[in-house]
Amino acid sequence: MAIRKVSNRLARISAYSHVEDHLREKTVYGGILSLVGGLIALWLVVSEAVRCLSYGVREDMSVDLSREETMHIRFNVTFPALPCRSLRVTTGDLSGNFETEGLLKSAHDGEVHKWRLDPNGKRLERQEYLAPRGSDNPFVLYLDYEDMNEMRNEIVGHYGCNIHGWMDVKRIGGNLAFLVRQEAILASQDDIGTMEALLSRHMHHGLEKDHPHAVLLNASHIIHMLRFGPSYSGQIRPLENTRRIDRKATGIDKYFVKVVPVTHKSFWGRETHSEDYSVTEYYQSITLGQNALPGFIVMYDLWPIRVTKSVSRLGLLHFMVRACAVGGGIWTVTNITNRLVHSTLKSLGPNKRKHKL
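At position 342 of the sequence shown the residue is numbered 325 (the numbering used here), and the sequence of numbers has no breaks.
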């Protein structure tokens, strides 16, 4: 008896009532509404599945409170029109610190390598630069006959250079420069043919399709890679794969880089402290007699705001909630629409023919 009473009370509060099959009326418009509603529900559920199970990135900004002393820079640059002997890599910062590639190696806080390229851009041999007489001071001019002669021959021979490596710099504003050595300017001035080769020679380096008549002068360069900090998925590096061909005269490309500190949080909770950057550029041509060294300079400064990028997704539970909401909403709307259509047809009068299945 007690079980029957409980069953009767539960039946009274049931939200689902059942009607005998012979009392149900199935119509053509009801079938059409069911088919359309099912297709819409399927499309919405699939869309929600893609949205809920896909990874997204949320970005938050805050004041950068880190006190890291150094910043890691990696680079890979090709000069198709300048030999390695004529190039020097230097760094400087706002504290007055100045280093060349030779000092970087001796201090063990960087590594710079050079590869000699033939006129077609093919690697020939590794050719590290060793400063004459054991010095690497860019403000002092060293005239070594053997070094100058070899440099002149390579300029006339249309040899290029690939420079790649890394360095740790102080975490303040500074610059990274790839410039021609002063000795190379003198070497080119000693011979009229060498000067013409340095300032106005033509060379095609895999750009025939894009620039069939491009003139590659001594400051022409290709930036294959330039990264600040460790790499992570989605890192912003706008200078990579940049090609700059000098405009009818040699010159200096200046890249003004704004470095943005970034904390990247992967979906599995791993944090990577790195940097993104934005860039604006300025080109300055050099005319004969002007006191300037061709090449390009990256002048960077740090932004005081840190961006935190968090990779996440809504997940399976969220998808189930949304799928139930979509299914219930579609069922409700189609049910209401079916009743409205049924009531409208019924109100038209008993003489109207009812279409049944």
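Mixed in with the good hints, there may be bad ones.
To be verified - Label pairs and their calculated CB-CB ranges:
{"#": "1", "residue 1": "H207", "residue 2": "V28", "range": "42 to 52 Å"}
{"#": "2", "residue 1": "N132", "residue 2": "L77", "range": "19 to 29 Å"}
{"#": "3", "residue 1": "I15", "residue 2": "L331", "range": "33 to 43 Å"}
{"#": "4", "residue 1": "R57", "residue 2": "P102", "range": "39 to 49 Å"}
What the hints assert, rightly or not - 30 Å max Cα-Cα, derived DSS-like pairs, lysine-lysine:
{"#": "5", "residue 1": "K248", "residue 2": "K292"}
{"#": "6", "residue 1": "K237", "residue 2": "K329"}
{"#": "7", "residue 1": "K105", "residue 2": "K153"}
{"#": "8", "residue 1": "K153", "residue 2": "K248"}
{"#": "9", "residue 1": "K153", "residue 2": "K292"}
{"#": "10", "residue 1": "K237", "residue 2": "K105"}
{"#": "11", "residue 1": "K9", "residue 2": "K329"}
{"#": "12", "residue 1": "K153", "residue 2": "K241"}
Calculated directly from the structure, the hints in this document are not laboratory data. Just so it is clear, the structure is predicted and the values come from calculations on it, not from any experiment. Think of the CB as a built atom: it goes at the ideal place given N, C-alpha and C, for glycine as much as any other residue.
Taking the hints in turn, this is what the structure says about them:
1. H207 to V28: 42 to 52 Å: holds (45 Å)
2. N132 to L77: 19 to 29 Å: violated (39 Å)
3. I15 to L331: 33 to 43 Å: violated (18 Å)
4. R57 to P102: 39 to 49 Å: With a Cβ separation near 28 Å, R57 and P102 fall outside 39 to 49 Å, so the hint is violated.
5. K248 to K292: holds (6 Å)
6. K237 to K329: With a Cα-Cα distance of about 80 Å, the restraint between K237 and K329 is violated, given a limit of 30 Å.
7. K105 to K153: Judged against 30 Å, a Cα distance of about 35 Å means the pair is violated.
8. K153 to K248: Within the cut-off at roughly 25 Å; holds.
9. K153 to K292: holds (24 Å)
10. K237 to K105: holds (27 Å)
11. K9 to K329: Given pair K9, K329 holds - Cα atoms ~14 Å apart, limit 30 Å.
12. K153 to K241: Roughly 15 Å separates the two Cα atoms, so the pair holds.
In terms of the numbered hints stated before, the structure departs from hints 2, 3, 4, 6 and 7, listed from lowest to highest.
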